[in-house]
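Protein sequence lines, in the order shown, are assigned to chains A and B. Every letter in the first sequence is one number past the one before it in the numbering used here, and letter 123, counting from 1, is 663. Every letter in the second sequence is one number past the one before it in the numbering used here, and letter 431, counting from 1, is 1003.
Simulated from the structure, these hints should not be mistaken for lab results. We put the beta carbon where it would ideally sit given N, CA and C, even for glycine. It is possible that part of the hints are untrue.
To list a few chain B residues with every Cβ distance to chain A over 10 Å, as calculated [unchecked claim]:
#	residue
1	Phe611
2	Ile720
3	Thr820
4	Leu885
5	Met913
6	Gly931
7	Ala1011
8	Gly1022
9	Ile1042
10	Pro1103
11	Ile1143
12	Asp1145
13	His1156
14	Thr1197
Reference listing, derived: stretches of chain B covered by chain A, where coverage requires no fewer than 3 residues with Cβ under 8 Å from a Cβ of chain A [unchecked claim]:
#	segment
15	655-668
16	691-700
17	830-837
18	894-901
19	920-930
20	1119-1125
DEER-style ranges, computed between Cβ atoms [said to hold, decoys possible]:
#	chain 1	residue 1	chain 2	residue 2	range
21	A	Val739	B	Pro1182	56 to 64 Å
22	A	Val739	B	Ala826	53 to 61 Å
23	B	Glu649	A	Ala591	41 to 49 Å
24	B	Gln739	A	Ala634	50 to 58 Å
25	B	Pro1047	A	Val626	51 to 59 Å
26	B	Gly1198	A	Ala859	55 to 63 Å
27	B	Gly903	A	Pro740	31 to 39 Å
28	B	Gly903	A	Trp579	49 to 57 Å
29	B	Pro1182	A	Ala634	53 to 61 Å
30	A	Ala859	B	Leu652	22 to 30 Å
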Amino acid sequence: MNATSRLAIAYGVLAGCSRAQSALHPAGPQAGRIAALWWLMFWVSAAVFGAVVVGLAIAAVRGRRRGQADVTGAPVANGGDEPGKVAVVTVCTAVTVVVIFVLLVVSVMTDRGLAMLATHDPLTVEVTGHQWWWEVDYDDSTPSQRVTTANEIHIPVGQPVLFKLTSRDVIHSFWIPNLHGKTDLIPGYVTRTWIQADVPGTFRGQCAEFCGVQHAHMALVVVAEPPEKFQAWLAQQRQPAAAPAEPLAQRGHDVFVTGPCVLCHAIRGTIAMSRAGPDLTHLATRGTLAAGTISNTPGHLAGWILDPQSAKPGALMPATSLGSEDLQALLAYLGMLR
Amino acid sequence: MSLAMRAPRPVEEAPAPPPDLRATLARTWAEPGGFFGWFMNVNHKSIATRMIVTALGFFALGGILALLMRLQLARPESRLIGPDLYGQLFTVHGSTMMFLFAVPVMQALGLYLVPLMIGTRNVAFPRLNAFGYYVYLFGGLFLWISFILNVGPDVGWFSYVPLAGPQYGIGKRPDVWAQLITFTELAALVAAVETVVTTFKMRAPGLSLNRLPLFVWAMLITSFMVIFAMPAVMVASLFLATDRLVSTQFFNPAEGGDALLWQHLFWFFGHPEVYIIFVPALGFVSTIVITFARRAVFGYTALVLSLFATGFLGFGLWVHHMFATGLPQLGLSFFTAASMMIAIPSGVQIFCWVVTLWGGRLRFTTPLYYVLGFVVIFVVGGLTGVMLASAPLDLQVHDTYFVVAHLHYVLIGGAVFPLFGALHYWFPKLTGRMLSERAGKWSFWLVFVGFNLTFFPMHQLGLMGMPRRIYTYLPQTGWTLLNQVATVGTFVLGLGVLAAVANAAISLRRGAIAGDNPWDADTLEWSTTSPPPLYNYAHLPTVNSRHALWTRTPDQPVVTGLRTDIREVLITDAVDARPDHRQHLDGPTVWPFLTAVSATIVFVGAIFTPWAVVLGAIPVFIALTGWFWPHRSTPLPGPARERLRP
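Extracted from the complex, chain B is given alone in its bound form (with noise of 0.2 Å):
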């Protein structure tokens, strides 16, 4: 049922919509097809899509590094894998599960989600969104290529110098990895200013910032942290590059650098990473919770402000990262404290969404499954949390296998989990298909048993003093069974996952029709149809609460007065949701393409030479020329930005 059928009512006097609204519409939103079509698309669904199937697939490929893993440390001394490819193989895990899964799936959901959330047509700047999206591509590529040739970085996630530095990085890995974070880091700040804006300026009237999707506030809240948080990883990866390229001096201490400015500048970033991937999954959560517990979440207020609260505190911890290198005692005090606190708002949370559950009338769905385990799982990673947050006990546990267990327990439970409940939830808006619910549950019990399996253990093995990152350990260690134990844990997991694939795979072709609303959820994206229309909706709706399908009246007015001949959407006021004015939205282009493969010659380039910075600005200049380059058939400015009130 779509809100067309419903008898219109303007928001402002309007000439009366034509009768074939819906063909209009197709064809000014119609994105060309064929091979050369697929570079021009601007479609938020169709790059968001790509997205979710980019990241998923470096997922996937994350996964079977930590399978090899797993498999070399099954045995103590084991020859399997040497060091030097081990270095590489945990080293391109945690780059690709960080920077090519965790982050960008999430803002791709968050692309796909919002304008439909927020009731509109497409993001707020739409050729951007898809050079962002092509950045991100190519950086993944870059990435793996490099990994495949055998000149993958080697030095952790972290890079940290001197080893990542000229003096001890060998050959170009360092500067693979440096420019990894070039190119993913962009694509992180494209997708989050086009999440800003979208959200302040195009939601549908009535949507004010008091009834927005606690989504939608998640994306929000991640969003502004992206912008904070990634310049601070620029530049430290600038400062390598240019000391591996150019000889600066940042980061050497013979020549008064400095070691610890590198840990300084990357944690400042790698804290607030954490929640950049965490706040979103709390978002998903609360979709879920509301959904299936078929009622209003308890404490909206509450969970809004802790997640405003997660988004500050997480820039205050990142000395906690750097407790055993000798910092002033009183500093660490001070980070400890702050660490601890920002348990405060979790917990606030976790008992919303409990309280909630308890006063709801639950369906124990695939979703709910995933939600009810990633409060389990995520419980023990924030207490362990506590833990490494106190300076004392942080200097024992410290990078041993505690903190692996940690990181995996606060990271797959607190962002894995929702984010696996959420694609099953939203899986039948994406495809139009409902998922097989027993597969679900199936994968839903060999994922839990298998991560608990895998990554408890762990925690007794960095007690027992098991450092992180070591290829091989001596079987008088102690450590083997338990080793053992996660290894067989890890392909448990695995399994699980693979089911998962499976369930999607066939659900894709034989699964139920899910049509408009299968949940009877209370967001604005189940009232369009499913997969939605390249438009999202022919008449852009209007918001009356907090969960606007539950409340949506028989004559909820509709935002008529759009023009449908051009790609034309409703500019509201940041705070209230007012209409403001009509806004033109670009169309397909190939030109934001051309721009991301004259960026990536640049980057790339710039690993081997400072020449291809100069150079490479010649063919960055041309793309960007064709792509602002005015059209005739632009709509002036004037009418397109007619206001609609006073």
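Isolated chain A (complex conformation) (with noise of 0.2 Å):
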């Protein structure tokens, strides 16, 4: 695995790899499990392709120099099928038989492991994949404790969490390849899959099933933290919006309810309760905007709502024209909403 490994890294090194988007740098027991499997494959693979590539090279050298040898010979239309041939192709089949019920036995043992982690009352989070957004909601047998936010999902280090994922419009596809492989969003269903980060971190993830002009934009961060870190941010992500306390972002607060914002977004604790787009009640605390797009900076955020289009062109968000002085008291109200 050292050598498998350090490959790996050799190569990744060479392409400029990242490792927060990579099937080959598991941090869940889901993804290391794929891994291995993968590794399993790799090397299977590479030797028999070794083989047939030798076999083949042989077999050509060798008939080539038959061939040159003997170039105006007839050819030979009764060439039998000659013992010695028939068991070369016979145990290389039988290999092949074996080898791929070898693959098969542990894929299947794999996809068990991949089972095993569920368990019972989990920490569940439901996904509902929108263009080109994700909406995240964290379950509770309390409504008022329910957590909406968008885009950025937060878990506890070593504990399975239960993901329901579903779709409002198109299907997409939940995928964050250091934790776990592939569940699709598809509108009518609900789908299940189980993930466990067992390391701290920032894992990123894309929608990986094409679902319109801007499947490229649609991105989402996985912030796996110790769990008491965790509960915490899901304390605060319990809060509704601190009302605004100094004048400019009390007039962005205005801004916000009064103008077009309020049709798609919802902040809670105001008057703002749509969810036709992301809920933006602690808008401040994400790291990114525009589904993993563009970082959370007042700059981007700025030029996200008067030019959405521009970073993300296709995107349903509309632009909105804005003063300066309206704009700076928006972006101060929404920077306070931590």
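Using the hints, build the complex out of the two chains.
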């Protein structure tokens, strides 16, 4: 495994590999099992490929020599299936069958392993696909304790998390390569997948089913953190948005609730309650904007509000024209949504 | 050297052939010339040549789209091509390559070669054959004109609902895709029926099934696969079209429809489709290996059974395209097993070819280069195929560039390399001229290196998390360098294809004269002139082994007793190819063309209004009436069906 990893790293370094979205750098048991299966398949395949190419090369060189020695000879129409050759082909076929069977068994065992993460009464996250962003709901038996956010999922390290996935529009696919393979989000279905992170870290995922013009910019971030830190984050997310204290933010609040923003977005604790677009209650705590496309800085946020089509052509968010003072006020307000 | 020059020994008591046999046959089988005559031609070689040229034209167009996509992906966040156009690019690229290039070009080579290889004069239904070509041509033009008018489909060659459905599919774009399916599947079914009937009923006496050339076996099995697979996608695209046109709700979950139903129907067709492209290529490989190893292939029976196994198993794997849809795990394991199993017949075939080469006396010509290149590339594609068959591993690499790499390894490596080999191999027969071997090998190496440079890095990209069908990516993903390597590779590959085209263009005028059998090959088509006359053979040949020309005796019998003043062919029985009766084939007419035109009016009109189906039925009815109008000149069925044997 060491040599393998080094090879992978060497290739990765040459290729400028980023490890935050890679199936070859597992950070949890699910991706780990699949990566182990991958390396098994890789080495078996490499051996088979090598054997076939060597066999082919020898056959070609030998056949060529025979051909050069006998340029004009008549073709052999009755070249029988000589016993020696029959044996070779039979053995090769038998080996193929055995290899395939072994791989099948390992694959089924891996599948079983993937199913073993399920536990009773787990942390449950509902993810709903939208063109082109992710709605994220943390389930709770008490409705007021439910948390809605978007495009950024926090999970506690070392705990299995159940994801319930569905879509409101077209088919998307939920994929965090470092943690697990894909599960589709299909309208009319609720699909499930279990994920666990064994190490803290930030992992990037991306929609893996073509879902329209901005499929390329439908990413999400998974933040795996120690359980206590996660609980603190969850408790904070449960709070409604704080009321703005200073006048600039107050004005920003007014711009938000009297302008077009309120038609699509919700900020809990205000009159903004639409769920057509991402929930913005704690926008300032998120690392990215526009579904993992740009980092969440005031400059990017301003650009995104004024002209979303520039960063994400075809996005469903329309451009908003704001005077500079209104814009500054709105940025101040959104910036305090912690 | 033609059979007519030998002393023919009649199969049955028959009048001696008239001395001006060739002139009579040429007159009987002549096709009308001139501009209008072009639309009346029903000769299988003319129609198939048009189909090959058309398909290669679409291959070039699809390739240009690939170059554009690679240019867009050469830099992160590139603004060269917007997301809207990119969606059309990859959809039209995929649809063109699958529906307008790969399947038709294989069927076209079959339509050209099968009647020659089995020793008859035309396909079983010459007019239907012409109709099939025009439907295919109009379907292709329809897609490309739509694309140029910015109405190209943009939801992928698989057109998943609901994205392609009435709510999310923009304008008429998904309708264009749905009707493209109607066109091309109709054409594919026509060609399949032609191939099956021709192969079963029109073989030369002595060419029993156990002597059938492996290429003919491959085309026969492919044609059966077409007949079973295409109806599924025609139903699916019809459902999609009616969902969009008249608000049926087959795929709308809000109204009791089901989004996954589409995927089952599509992939029930879609996976066999891959083998429909791949199985004829296996036939090319066997043919080329036999000729250039100058010996009988090792394991003829094993090869035929492997083709059968591939054809059957190909229908049991479709769910491996749907592993991520949350289906029950037991079912997934079943499809994992079925998908892995198909590696076994593929392995058997490769072993048989390697052993044949081992015991052969090889001539290293361009076709053989392509076959060797095929084995190397296809083995990689087959092995990644085994990986994709594993449900858990597929969850990681599904819908990533790993799959893009895999599918191009199996489709370019598995089908296009043998196809290029086949085109180099049969070019002398089709044109009468040899290709330049030196240029052929140059183009082979460019294609081989360019191909691997393009697609090998994509395996790594997929594992590094790059999904398919994204028009751009962020710089921090670290995918830039490998994408640039792939883009460079694409241009090398393109250069190789250009070199092959130039070779063909120059050789067409200046190539050495080929003669009847430049390769000393074993199948019947090499016994007639290059290019073959309209009637294929002066005397229909007989066959005494699997390698007809290698074992032909000086007094090999030929078929006599067929009328030469009308288009008459010999019908033989399905298994042993014993002469059964004589059959009159139809001659040139414009009606298949007019029928195709009226069908096109219906198909295109149905995108806009359901009334097109009702009103469009009128010209279709008129055209079919004209087509089937009885003519006095047609001989009555009685004498033409006179039994040659009780």
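Verification of the hints:
no.: 1; hint: Phe611; verdict: holds, 40 Å
no.: 2; hint: Ile720; verdict: holds, 20 Å
no.: 3; hint: Thr820; verdict: holds, 16 Å
no.: 4; hint: Leu885; verdict: holds, 12 Å
no.: 5; hint: Met913; verdict: violated, 7 Å
no.: 6; hint: Gly931; verdict: violated, 7 Å
no.: 7; hint: Ala1011; verdict: holds, 21 Å
no.: 8; hint: Gly1022; verdict: holds, 19 Å
no.: 9; hint: Ile1042; verdict: violated, 4 Å
no.: 10; hint: Pro1103; verdict: holds, 24 Å
no.: 11; hint: Ile1143; verdict: holds, 28 Å
no.: 12; hint: Asp1145; verdict: holds, 25 Å
no.: 13; hint: His1156; verdict: holds, 35 Å
no.: 14; hint: Thr1197; verdict: holds, 45 Å
no.: 15; hint: 655-668; verdict: holds (count 3)
no.: 16; hint: 691-700; verdict: violated (count 0)
no.: 17; hint: 830-837; verdict: holds (count 3)
no.: 18; hint: 894-901; verdict: holds (count 4)
no.: 19; hint: 920-930; verdict: holds (count 8)
no.: 20; hint: 1119-1125; verdict: holds (count 3)
no.: 21; hint: A:Val739 / B:Pro1182: 56 to 64 Å; verdict: holds, 59 Å
no.: 22; hint: A:Val739 / B:Ala826: 53 to 61 Å; verdict: violated, 42 Å
no.: 23; hint: B:Glu649 / A:Ala591: 41 to 49 Å; verdict: holds, 43 Å
no.: 24; hint: B:Gln739 / A:Ala634: 50 to 58 Å; verdict: holds, 53 Å
no.: 25; hint: B:Pro1047 / A:Val626: 51 to 59 Å; verdict: holds, 57 Å
no.: 26; hint: B:Gly1198 / A:Ala859: 55 to 63 Å; verdict: holds, 59 Å
no.: 27; hint: B:Gly903 / A:Pro740: 31 to 39 Å; verdict: holds, 36 Å
no.: 28; hint: B:Gly903 / A:Trp579: 49 to 57 Å; verdict: violated, 27 Å
no.: 29; hint: B:Pro1182 / A:Ala634: 53 to 61 Å; verdict: holds, 58 Å
no.: 30; hint: A:Ala859 / B:Leu652: 22 to 30 Å; verdict: holds, 23 Å
Hint compliance for this structure: hints 5, 6, 9, 16, 22 and 28 are not met, and every other hint is.
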